[in-house]
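Chains as they are written, first to last, in the working numbering: chain A, 1 to 272; chain B, 1 to 171.
No lab work stands behind these hints: they were computed from the structure.
Careful, some of the hints might be misleading.
Claimed, not checked - Here are the simulated EDC-like pairs of lysine to aspartate or glutamate, each with C-alpha atoms no more than 20 Å apart in a straight line:
hint : chain 1 : residue 1 : chain 2 : residue 2
1    : B       : 147       : A       : 169
2    : A       : 224       : A       : 247
3    : B       : 147       : A       : 173
4    : B       : 31        : A       : 173
5    : B       : 31        : A       : 169
6    : B       : 31        : A       : 180
7    : B       : 43        : A       : 99
8    : B       : 31        : B       : 119
9    : B       : 43        : A       : 95
10   : B       : 43        : A       : 199
11   : B       : 31        : A       : 179
Next come the chains, spelled out residue by residue.
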Amino acid sequence: MSVDAFGLTDTGKVRENNEDHFVIATLRKAVDLGQTSLENGLLAGRVRESAAQLFVVADGVGGHTGGELASGAAVQCLLEYVAQAAGCFHDLGVDQENEFLERLEAGIHRAHERIQRELGAGGEAPSTTLTLAALVGVRAYLVHVGDSRAYYLDRGRLRQLTRDQTMGEYLLDAGAWTEETAARARTAGNLISTVGGAEMTPSVGLVDLSPGDVLLLCTDGLTKHVADPQIAEVLGKDNSASQIARELMDLALAGGGSDNITVIVAKLGSSE
Amino acid sequence: MIQKKICMVGVFGTGKTCLVQQFVHSRFSVKYHSTVGVKIDRKVVPVDEGGEVTLLLWDLAGRDGHGDITVSYLRGAHGVLYVVDGTRRETFDQVFELRDIVEKAVGPLPSAVALNKSDLTEEWKLGKADDKALAARTWHQFTTSAKTGAGVEAAFAWIAREAVRQGSAPS
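Generate coordinates for the entire structure from the input sequences, incorporating the hints supplied.
Take a look at the structure:
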């Protein structure tokens, strides 16, 4: 399946540093044929390339340069780990599928440990949110920590794939807060799970996508200023991933740009 | 360690996610969130003779007005826990059709029905005739409450045991 993917990040209008990071990567396992006496057409079907698309956004927490370092270290560490484990991206069978998810989770745990070890000397380590989507064929595997989000547009309907790991969501779920309390409370947006932080609880899931679906990963710099109906409208336009990403970014900046903003847009094309 | 994939299947809003959250994290959410795609959790549970099994709990988006369950998520499952909301009669009526869909896709698997929300006794819509209807189809049933935890451990322990037993049976 062809995928048109594009990412953008911006410091926004208020912050001095951009503590967000993102990556779009293609993980390949392929055999490049040199010479052979075998019929190429026959062989090509057996050693065809398989690939996974990897999308990651991370939003650093910690102020000054700490958050930037944490989000950068998390994305880099995760990418290194996943690259080492690239063998398991090939044709995910039932058993491999679980192994694959475990490796993605393990990559996040490794990043968590590295941040605590390397950036936490002498006190509390900076930390980061991290939302990852790995697209293998039509299936998107998701691992999520914090309040950066993954959405997809399914036949015009916007679906949020992740749930924010914040104090507000936690207390609403527990029935300790009402929506009104959460809307007023300053602490509602406090993160209760971050990579490198005191608590980290990755949430794991997956979804099967269809040609024409659009996947969006974003940090909260977008969702603070652009409501879900606006996001749905932009994702639904017949534009390229780069045009959509730019339009979302412009909306977030026009809405105030109070935080760093990062978006990754991936449009699924035909199955050719 | 042995791993068994157990799928949670049912109509939307029956409490599939809450049952998993109660079983895995011992917590209950009062706020409803519809599941999109699949949410995956793991828990190691003891099985017979001192062994252990890792349950991979695939919490599938419920059947709703927008579409049916996605059968591709069932591939490789070792067991299914169907979930009915005992206060919504229609969720019971649809569970038989859901089992047909699942079995058509992946064949017969160890399965049980959780008649959930048993804490809402005054709103309960199921009776003895319904118990008999399940028994007539040789379907193991549990009365559960994701809110209080009643019956939850028993339901998952049963499905774990059956998934392991079926997996080790000579083919």
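Quiz item: Given the proposed pairing of residue 43(B) with residue 199(A), does the C-alpha separation stay at or below 20 Å?
Solution: Since the Cα atoms of residue 43(B) and residue 199(A) sit roughly 19 Å apart, the hinted pair holds (cutoff 20 Å).
Quiz prompt | Restraint status (C-alpha distance of residue 43(B) to residue 99(A) at most 20 Å) | solution = 15 Å, holds
Quiz item: Are the Cα atoms of residue 147(B) and residue 173(A) separated by 20 Å or less?
Solution: Satisfied, since the Cα-Cα distance of roughly 12 Å is no more than 20 Å.
Self-check item: Pair hint residue 147(B) and residue 169(A), alpha-carbon separation not exceeding 20 Å
Solution: Holds, at about 18 Å.
Quiz item: Is the hinted pair residue 224(A) and residue 247(A) satisfied, with a Cα-Cα distance of at most 20 Å?
Solution: 15 Å, holds
Exercise. Take a quick look at whether residue 31(B) and residue 173(A) sit within 20 Å of each other, Cα to Cα.
Key: Since the Cα atoms of residue 31(B) and residue 173(A) sit roughly 5 Å apart, the hinted pair holds (cutoff 20 Å).
Quiz prompt | Proposed proximity, residue 179(A) with residue 31(B) (alpha carbon, max 20 Å) | solution = With a Cα-Cα distance of about 10 Å, the restraint between residue 31(B) and residue 179(A) holds, given a limit of 20 Å.
Quiz item: Going straight from one Cα to the other, do residue 31(B) and residue 169(A) come out at no more than 20 Å?
Solution: Holds, at roughly 9 Å.
Quiz item: If you draw a straight line from the CA of residue 31(B) to the CA of residue 180(A), is it 20 Å or shorter?
Solution: 14 Å, holds
Quiz prompt | Hinted pair residue 31(B) and residue 119(B), Cα distance within 20 Å | solution = At roughly 16 Å apart (the allowed maximum being 20 Å), residue 119(B) and residue 31(B) satisfy the hint.
Self-check item: Agreement of residue 43(B) and residue 95(A) with the hint, judged by alpha carbon distance not exceeding 20 Å
Solution: 17 Å, holds
In the structure shown, no violation is registered for any of the earlier numbered hints.
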